[in-house]
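S.K.: This is what each chain is made of:
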Amino acid sequence: MAEDEYTVEIDERLCKGCFLCVWTCPVDALRESDRRNERGYRLPEYVGGCRGCRQCELICPDLAIEVRRKGEGS
Amino acid sequence: MAEDEYTVEIDERLCKGCFLCVWTCPVDALRESDRRNERGYRLPEYVGGCRGCRQCELICPDLAIEVRRKGEGS
Amino acid sequence: MSGRVEFLQGNEACAEGAIAAGCRFFAGYPITPSTEIAERMSERLPEVGGVYVQMEDEIGSLAAVIGASWAGVKAMTATSGPGFSLMQEHMSFAAMTETPCVVVNVQRGGPSTGQPTKASQSDVMQARWGGHGDYEVVALAPSTVQEMYDLTVECFNWAERLRVPAVLLADEVVGHMRERVILREDVETVDRELPEEGEEVREPFPLEPDDLVPPMPVFGRGHRVHVTGLTHDERGYPATDDPEVHRRLVRRLCNKVRKRARRIHESVGYDLIERESDLALVAYGGCARTVLEAAEELNATVFRPRVIHPFDPDLVRRLLDGYEVLVVEMNLGQYVEMIERALDAECVHALEYPGGYPPTPERVIEEAERLQG
Amino acid sequence: MSGRVEFLQGNEACAEGAIAAGCRFFAGYPITPSTEIAERMSERLPEVGGVYVQMEDEIGSLAAVIGASWAGVKAMTATSGPGFSLMQEHMSFAAMTETPCVVVNVQRGGPSTGQPTKASQSDVMQARWGGHGDYEVVALAPSTVQEMYDLTVECFNWAERLRVPAVLLADEVVGHMRERVILREDVETVDRELPEEGEEVREPFPLEPDDLVPPMPVFGRGHRVHVTGLTHDERGYPATDDPEVHRRLVRRLCNKVRKRARRIHESVGYDLIERESDLALVAYGGCARTVLEAAEELNATVFRPRVIHPFDPDLVRRLLDGYEVLVVEMNLGQYVEMIERALDAECVHALEYPGGYPPTPERVIEEAERLQG
Amino acid sequence: MNWRDLIRWERMPHILCPGCGNGTILNVLVRALAEKFEAGELDPDRTVLVSGIGCSSRLPGYVRLDSLHTTHGRPLAFATGLKLANPDLEIIVLTGDGDAAAIGGNHLIHAARRNLDVTVICSNNLIYGMTGGQVSPTTPEGAKSTTTPYGNPEPPFDLCELVMGAGAPHVERWTTAHPQQLKRAIHRALERDGFSFIDVLSQCPTNYGRRNDLKSPREMLEWLRENTSTKDEPGKIRIGILRDEERKPFHERVHELIEEVSGDEEGG
Amino acid sequence: MNWRDLIRWERMPHILCPGCGNGTILNVLVRALAEKFEAGELDPDRTVLVSGIGCSSRLPGYVRLDSLHTTHGRPLAFATGLKLANPDLEIIVLTGDGDAAAIGGNHLIHAARRNLDVTVICSNNLIYGMTGGQVSPTTPEGAKSTTTPYGNPEPPFDLCELVMGAGAPHVERWTTAHPQQLKRAIHRALERDGFSFIDVLSQCPTNYGRRNDLKSPREMLEWLRENTSTKDEPGKIRIGILRDEERKPFHERVHELIEEVSGDEEGG
Amino acid sequence: MRKEVRISGFGGQGVILAGVVLGRAAAVYEGYNAVQTQSYGPEARGGASRSDVIVSDEEIMYPYVRRPHYLVTMSQEAYDRYAPQVREDGLIVYDSTLVEPNEEHDVEHVGVPATRIAEEQLGLRIVANMVILGALRELTDLVSEEALKRAVRDAVPPGTEEVNVRAVEQGARGVRE
Amino acid sequence: MRKEVRISGFGGQGVILAGVVLGRAAAVYEGYNAVQTQSYGPEARGGASRSDVIVSDEEIMYPYVRRPHYLVTMSQEAYDRYAPQVREDGLIVYDSTLVEPNEEHDVEHVGVPATRIAEEQLGLRIVANMVILGALRELTDLVSEEALKRAVRDAVPPGTEEVNVRAVEQGARGVRE
Ligand SMILES: Cc1ncc(C[n+]2csc(CCOP(=O)(O)OP(=O)(O)O)c2C)c(N)n1
Ligand SMILES: Cc1ncc(C[n+]2csc(CCOP(=O)(O)OP(=O)(O)O)c2C)c(N)n1
Ligand code: SF4
Ligand code: SF4
Ligand code: SF4
Ligand code: SF4
Ligand code: SF4
Ligand code: SF4
Ligand SMILES: [Mg+2]
Ligand SMILES: [Mg+2]
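Protein chains in written order, with numbering that gives the first Met the number 0: chain A, 0 to 73; chain B, 0 to 73; chain C, 0 to 372; chain D, 0 to 372; chain E, 0 to 267; chain F, 0 to 267; chain G, 0 to 176; chain H, 0 to 176.
By construction, these hints were calculated from the structure, which means they are not laboratory data. Glycine is no exception: its CB is placed at the ideal position from the N, C-alpha and C atoms. Don't take each hint at face value.
Chain E side only, calculated, beta carbon under 7 Å to chain F, not exhaustive [what the hints assert, rightly or not]: (1) GLY104; (2) ILE108; (3) TYR149; (4) LEU161; (5) MET163; (6) LEU189; (7) LEU241; (8) ARG242; (9) GLU251; (10) LEU256; (11) SER261.
Build out the structure end to end from the sequences listed, making use of the hints.
M.R.: Structure, rendered in structure tokens:
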């Protein structure tokens with residue numbers, strides 16, 4: 000499998016585990032994990048395959064996601 | 000001219016001289032007069048020819064008009 | 000007291016008290032920390048055949064309550080500071096039209112949106128002075144969940160007896176705490192006096208009715224009355240140009256409450272725990288709980304009124320003259336201004352305690368000691 | 000005083016005073032007997048480049064005024080009792096957000112719709128206590144058409160100086176009468192202090208600003224501030240759970256007015272006509288005209304405050320201690336309750352005179368004579 | 000029952016100005032009511048008038064029925080309480096353009112949404128009459144009023160569009176130049192179960208006409224007659240029945256719920 | 000400008016519940032704004048957020064712009080003052096269904112009528128979120144809330160119909176399941192001179208979903224996606240651009256009048 | 000000097016304006032103190048209308064007219080209502096076109112056919128108020144003619160200054176003759 | 000006897016209900032006085048949640064918990080925040096599935112794997128609150144087991160009475176063993 004063109008970063012401090020990102024991703028590049036953050040919310044995780052549509056970024060109610068094209072600054 | 004079938008009574012205490020009755024009468028059976036009531040309002044007067052349409056009665060803002068078919072009680 | 004023993008929130012007890020008092024109509028608009036009253040009413044009223052309606056705002060809520068009252072039904076609303084502010088025009092209307100109704104204000108921190116979930120007693124003066132014009136209301140302040148029940152009943156009774164708006168001046172402390180409450184079955188309820196059904200009432204607002212309160216010609220019973228917030232004569236007709244009509248009307252509206260101040264205080268009751276001390280503590284509502292505890296420690300006298308309005312300066316004078324008085328309130332000094340009117344202002348001190356919680360007993364003791372030392 | 004001599008209605012003079020004070024925004028809703036203020040503003044403001052807008056109600060009117068004030072423009076509304084009741088939530092909001100604004104209440108007979116075209120002073124306590132929560136306002140009462148002009152200017156100045164809502168507590172007597180008025184050109188106007196333009200203001204609500212009043216970071220100048228009616232910290236951010244933040248905030252909001260009580264009274268001025276007598280008459284607003292005349296006849300001392308709120312009990316004590324005091328008001332006893340706090344209640348008497356007109360001097364003399372034995 | 004028995008004659012003549020459209024509305028209303036009472040379709044002892052504040056809102060005070068003259072803008076909120084607390088009452092709300100649509104706009108749209116069973120007769124004289132002629136939310140653009148001395152810069156509401164947008168099922172518009180049609184409209188409104196709104200374009204000669212080149216009541220009625228049409232004609236205001244649907248009224252929904260919950264057919 | 004510069008990070012995480020639609024609205028809004036600022040089409044120093052009270056109304060407190068968090072229901076009245084007093088301000092009003100259409104309904108319809116130049120984003124979650132889940136004027140019939148334990152007996156508003164009935168020229172409806180479209184709608188609204196209303200169907204998982212068989216935020220979005228359509232489909236809620244007209248905004252009318260009267264091009 | 004004046008008539012005759020003009024003349028152009036009041040409200044709708052003015056060289060405190068020195072009246076209703084209140088040493092100036100004086104009122108009366116003068120000599124019925132005001136001034140010297148005319152010019156609708164000033168003059172002439 | 004109890008955890012664990020049940024048991028079925036309070040508002044959204052109960056055989060005036068005798072805690076965050084406030088002679092009952100106690104807090108600790116018991120023995124994670132409440136009762140005898148069970152039956156959603164009562168029993172067993 001070719002290396003992803005994008006990175007998907009989730010700010011664990013902000014995430015509240017609603018999994019809307021998981022719901023919206025058209026390519027299932029995100030999924031629920033069992034990891035919890037400090038406040039006890041379960042976190043999503045990036046499993047690869049992002050196509051950079053940024054839908055997860057835009058829907059996240061907690062502004063916790065940043066999708067970046069590799070090699071680009073933020 | 001045949002005698003009118005209707006009487007048109009104007010309660011002078013109530014009339015405020017707006018002449019909407021005069022305006023509405025389809026047969027010009029009412030007209031402005033120069034008589035004034037106690038409060039100084041000019042009064043309309045009945046000049047005959049009423050056809051009993053009761054439009055004057057219904058439009059009068061001061062409930063001052065009563066149209067009666069002759070020989071009928073009120 | 001016989002009745003069901005329950006462990007309820009003050010707000011829930013208030014709703015139960017209303018139903019026990021005969022309330023069958025509630026119109027409201029949610030607002031923290033009073034919302035549980037509306038919520039419980041929405042569940043309970045249909046069970047007893049009553050109507051719950053959530054209005055578009057607080058202005059409409061009190062309007063609907065007044066409307067229901069003129070339909071002959073005991074009616075209530077509940078709110079908190081911001082909503083109570085919006086109700087003031089209709090408090091004034093209810094007073095003018097002599098409409099029995101109950102308004103619960105579960106006080107939270109103000110001004111403005113302030114501290115929506117925290118306790119306060121900063122609407123005490125507003126209860127009397129919030130609307131325009133001269134009028135009087137009855138306002139009662141509960142200190143326990145049981146009193147949320149009992150004083151709600153009292154509010155209905157005084158509202159009906161006097162044909163006035165009655166205010167339950169609660170606060171978040173008692174509104175949100177849970178305690179044992181006996182849902183009394185033996186509550187005494189008072190119903191407004193009605194004229195004979197089917198009789199046209201030609202003088203619905205007589206100048207000098209018995210006890211200053213005329214019977215209430217509610218709608219739909221053939222009384223054919225006109226009710227207006229304008230200054231009106233005995234017939235209920237607008238008479239806005241006659242100074243004498245206005246004077247007699249508003250004086251009666253005030254006097255029917257003012258002249259009963261003592262009777263209301265005595266009937267609703269107050270706590271007076273007299274101890275051998277130069278110091279008397281005064282507190283009411285949720286804050287009084289602290290003060291009762293502190294007074295025990297301090298061996299000081301305590302006065303806890305349940306009736307906030309009408310104020311009875313003579314009573315206060317009789318009870319508290321000669322003491323150094325410390326008034327403890329969750330605000331920046333409101334009831335204390337009334338006490339100052341009754342007593343020598345120099346002997347009256349205040350522990351002003353806004354912030355969202357009553358002071359601890361320790362804080363009150365500290366203040367009392369500072370005062371005495 | 001230099002300026003144009005005019006013969007105007009009090010309400011018209013008020014509008015002219017506002018424009019002289021720099022008011023460039025008026026939002027209102029018509030109501031008798033204040034409407035002429037709106038009417039004149041609708042004509043005059045466009046002439047001087049200002050905005051007149053008639054809102055959908057009084058709630059919206061004061062909201063728009065507060066909005067305009069945050070846009071950096073001096074703004075005002077005018078109303079009477081029923082509308083003033085509707086404005087109470089926003090009085091409380093203006094106090095909490097420290098928004099300079101002026102609210103004119105031309106008082107008419109209440110409660111409720113009452114006597115729409117008749118004079119009254121029955122919203123005096125409402126001006127201070129009408130909204131929920133602890134806050135303070137400045138309220139001034141004019142007795143002449145000239146004072147309708149001058150005290151409107153003072154209202155703007157105190158509103159801007161203290162960042163508070165200021166109330167012109169007028170009444171139908173002075174609102175509707177016509178008198179000579181000098182539209183002074185030399186009015187001293189005060190403008191709020193502003194932070195440097197373009198500078199982000201990180202602490203718009205410092206805990207202890209100079210004189211307790213922080214500069215006002217109006218919108219559109221790059222300050223990037225958040226303004227809320229919730230209890231807020233120095234940064235303006237909601238902090239509704241911290242008792243200390245709330246306490247410090249509301250104490251400052253009240254103290255910036257309370258601590259200046261004397262200064263405000265001295266700066267705005269009051270009438271004290273001392274005569275050799277045991278009797279002092281107290282009156283304000285339209286009613287004071289009667290009392291000044293009666294006092295001359297009675298050879299009694301007169302105190303006429305122009306500042307109604309904040310009350311200064313020390314000043315009153317200093318001026319009136321030792322007198323038998325007769326307070327004359329067009330209501331059922333409001334200002335007199337404040338006087339009772341300051342003086343020995345037994346020496347304080349009231350001529351309560353609702354009904355739509357001030358008492359005649361003869362009526363006051365009669366009352367004074369009855370009192371004196 | 001004769002309409003004369005419905006007037007509080009001891010209060011007549013009323014305070015309205017000469018030629019005021021509110022007078023015609025009063026006239027038409029009492030006749031419509033008398034007819035309904037006469038026919039036994041309504042009970043005068045259970046018919047209630049509710050109004051706010053304004054010249055139009057003074058009308059209930061002249062009618063010998065139970066009536067509640069409330070605060071400015073709020074009659075529909077009071078009516079909501081009356082109707083829900085006693086569903087047997089037949090409620091007619093008399094209001095003005097300012098009362099209904101300026102300060103009272105919110106109660107208007109919510110009553111329409113809920114389908115509160117009341118008949119609203121809005122005397123729409125395009126002005127605040129009672130307070131002496133200030134602009135109202137129905138004053139035409141450019142018109143003069145005491146607070147629009149340079150002409151009204153605000154676009155007005157179409158009150159019928161507004162209440163229909165809020166969900167009102169029965170909406171009509173007539174004018175005081177159409178008293179017969181107005182009477183029939185009131186009959187229809189009283190017959191409908193649910194929210195009926197009648198927008199009555201009306202004349203305020205004192206405060207609107209004078210300032211807007213319509214010197215007499217007659218000129219104003221002439222204008223109303225000429226500028227309205229029961230058809231969609233360009234440049235004319237549409238009058239007539241604008242919507243007439245059936246929906247269950249609010250009090251029935253509420254009382255059905257109560258019966259269901261309380262198990263009591265009588266609703267307690 | 001990067002959208003990150005528009006967030007008051009020191010206040011994050013915000014107080015909204017997990018999966019709250021208001022969060023998505025905040026997200027979309029700050030990105031739309033950042034794009035406008037970046038393009039030089041708007042000036043951040045002159046862009047102002049105004050809100051009432053409710054969860055949705057908390058959003059301005061997280062955005063690093065001038066913002067006014069007012070009283071429940073009144074943001075549009077405050078905005079009227081701001082805009083008229085300083086027409087250079089670009090004003091965005093963030094409101095909820097309760098804030099805009101219950102207590103605030105009157106200001107909503109009057110702002111629409113006047114064509115006040117603001118962009119209204121109404122987070123319509125069909126419930127009062129902030130106070131714990133009471134019925135709102137957009138709660139569907141029969142739905143459960145803490146004050147409709149037996150199901151809601153009231154018919155809801157269609158907010159878009161309501162504001163169109165009041166005269167609003169630019170009206171769109173989207174949902175939080177359509178963030179891209181919502182962002183474009185916000186762009187359009189900011190570009191329009193005049194009253195723009197965006198009804199955003201949004202989710203309150205805590206207080207609406209839980210009581211109405213929509214257990215998770217995802218189920219709620221699924222519901223929103225499935226029950227809405229940009230075409231008129233039976234049984235579906237219509238989303239999209241519902242009206243897009245041009246009319247002169249209110250502040251321009253007022254300031255033209257001022258210029259005319261004062262003879263001052265600058266309006267004083 | 001302190002004089003109480005009541006100007007009365009029915010709605011539409013301009014009695015309010017007449018009072019305002021008189022007060023303005025006194026306060027702005029004569030340096031007197033003057034207070035004008037009137038009654039508002041339902042009672043002021045239709046029927047009798049009145050405008051009260053107090054003119055004084057001292058401060059005017061209580062602002063309402065109690066017993067007028069001068070009553071100007073342009074309608075029978077107003078005459079009947081207010082004539083009994085006039086002071087014994089007072090004066091009643093009435094529009095003789097419209098008012099029939101009553102012998103019972105034992106104060107000085109002067110009749111001026113103000114409405115007729117307005118209609119016939121000025122061609123404008125509605126300036127009768129200024130005619131009678133001119134007459135009052137002439138009879139009482141409450142303010143100077145010059146002051147009154149200046150106040151008239153200030154207060155009447157633009158474009159009608161001249162006819163109103165002429166009305167004042169005609170009124171004066173009417174009682175001088 | 001006057002005992003202050005704080006029950007804490009995160010939102011959704013039912014700590015409020017646990018407090019209400021305890022208070023109800025004491026006030027309704029034991030004839031004690033009891034006051035239950037909790038914190039409302041933004042601070043109560045997400046994160047730590049708590050329910051305070053005071054049980055006493057005398058009148059309870061000041062209603063808030065100052066220094067708890069007993070701390071029941073079902074989350075680390077709550078444990079960390081509230082453990083330091085417990086009285087020296089107090090007791091901390093913690094859900095050992097979720098909380099790691101801290102040696103620094105020198106008061107008696109009892110761990111109960113409430114969440115595990117709820118999940119494994121009752122098949123319903125959300126009754127962990129009743130498990131730990133049962134444990135508290137067993138350890139403190141604050142109210143009788145009977146009283147507690149009756150209160151549970153009153154307060155839990157209809158249909159879930161039995162599982163909740165069993166949870167109480169399992170909690171008691173968990174500390175008895
Ligand atoms: C709260 C409040 N605000 C304002 C007023 C003053 N007011 C009385 S009637 C009225 C407007 C009347 O206009 P409308 O409703 O159109 O009735 P109309 O007189 O034209 O029939 C106003 C503004 C009031 N009485 N109460
Ligand atoms: C005058 C007033 N009444 C009531 C409230 C209480 N209150 C706060 S927010 C709110 C409703 C919020 O609902 P909505 O506008 O739909 O916003 P949401 O929280 O759902 O986003 C209420 C009733 C208040 N703050 N002020
Ligand atoms: S959408 Fe955001 S908050 Fe929700 S799970 Fe994904 S990253 Fe977390
Ligand atoms: S950017 Fe698109 S493809 Fe990539 S993770 Fe997010 S939603 Fe999936
Ligand atoms: S319509 Fe009535 S009030 Fe008018 S003139 Fe005719 S009778 Fe008189
Ligand atoms: S009833 Fe008809 S015809 Fe007869 S006078 Fe009246 S309007 Fe004319
Ligand atoms: S002011 Fe206008 S609406 Fe009012 S009574 Fe007079 S004409 Fe009718
Ligand atoms: S209560 Fe509802 S609307 Fe409010 S933050 Fe939580 S999920 Fe969002
Ligand atoms: Mg009107
Ligand atoms: Mg909502």
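S.K.: Could you tell me which of the hints above the structure violates, numbers in ascending order?
M.R.: Violated hints: 6, 7, 8, 9, 11; rest satisfied.
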